[in-house]
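The residues making up each chain are set out below.
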Amino acid sequence: MVELSIKSQMLYYFKDQPEMWENDCISKVLERDGKVGNNYWTWTCRFYLMELSTNGLLSPMEQKLDDSGMFGESHSLTRYSLTDYGRYKIETMLE
Amino acid sequence: MMSDINQVLATEKKNKVRWGFIWALVCALFWGLGYVPLNLFWGFDPIGSQYGIEGSTGYIFASIMLTAFQIIFFGVFLTLIWSGVSGKLNEFKRVILNKKAVKWLLIGALFGGPCAIMGNMLATGYIGAGFAAGTALLCTAVGALVGRVMNREKLSIKAIVGIVVILVGGILIVDPSQMIADITNPSTDGMIWGYIGALMSMIGWGFEGNIAVRTLDVTDADVSLPVRFALEGLVWILILLPITTCFVGVDTMGGAITDSLTSIPFVYWMFILVLSLGFCYAAQYKAFPLIGVGRTLSLNSLYVPISLVALFIFMGADLGLLMVIGTIIAVAGVFVMYWESDSLADSTRGD
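Chains as they are written, first to last, in the working numbering: chain A, 1 to 95; chain B, 96 to 446.
In case anyone wonders, no lab produced these hints; they're calculated from the structure.
Built from N, CA and C at the ideal position, the CB exists for glycine as well.
Per label pair, the in silico range of CB-to-CB distance:
1) D84(A) x L414(B): 42 to 52 Å
2) W114(B) x D84(A): 26 to 36 Å
3) P281(B) x F47(A): 51 to 61 Å
4) K188(B) x D84(A): 30 to 40 Å
5) D84(A) x P271(B): 41 to 51 Å
Only pairs whose alpha carbons sit at most 25 Å apart, straight line, appear in this in silico BS3-like list of lysine-lysine:
6) K194(B) x K15(A)
7) K28(A) x K381(B)
8) K28(A) x K183(B)
9) K15(A) x K195(B)
10) K183(B) x K195(B)
11) K64(A) x K111(B)
12) K15(A) x K188(B)
Throw the hints in and build the complete structure from the sequences for me.
Here it is, written out as structure tokens:
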């Protein structure tokens, strides 16, 4: 199977774990690509999650102050859950 | 603690909205200004005058060549500059190797390029860039209707009212009495191709968005757009240009390609066109998650008045009163259709 692009891979993680805090999802994909600590990609991945949410594939469930240190204390963290449409996209586009 | 998170969320929302508006307006600006180079090509060698003046169907070959060059330049420069500078060439490789992603991008591209962009070229060549820009706005109505059927997108009462308003604006832009006069008047033989082109651009872009979104939903637009243009560029090089050669002959095709690529003004303006119309796509997809799809599309529709003003200032274009009024009404229809006030992160999809 072809290696998924970063945004696709982030969505795919929600298949096995339908609810996830964004820092956990981002850490996973950065680890896969060896980009842990890379500021540009960390924020790009955050943008990808926002895009997935805007497009209706993920739904924001809860927000809290960033206690993980990934974005800093002056930023929020969002817990996302996979929507039915997101599951449909995983099954039809990523598998 | 609660006030802290509320304060942070308020600041983040403010930043999102500010940047969303900036990207959406940048998109409208580049899109509108893009019609100036698009119009310029018809006025100088080699394509506009050398290969586009013989007979009533002469502009068809010029439109084919301009579309092909535009797509190929888009593919090459968007790939090299945009993906490369944003550090996403590896992502480019991953997307282009994903068969499902490529399938929908390619099908969407065939509606977008040979149908919509080519149609827009025909409308520009035969009738004018202002007309082409105005009628292209009607793709919003086509896209909403296709999206309802294909992607289960919401179609609220507001959306239906917006579509009706857009159609009223569209009728004024097209001006049926003028259209009938153009088509039936023997001295303007060939202008029907301009109207056919306008129809092609409405249908083409209406379908392209709905098909390509299947891939864009799960990929980075900074990557999938260059992939889309690179794939379509290959289709032009390997299939569409050879087919065209069968009709016009090797000499004409060879001459058009070499004369164009050795013309510094042509290459320069094609590069400007890529930077304007190509970059507006990228800006549009940056704005979507920041202020929502509806607001982005509403603000983007400002490209039409921007293009009309730019064409008037830079090209001295003669814009009819009906076209200007029709454009304003159509833009208002887009705002009625898409602008939501209750949420700043609206989703396009229904349940």
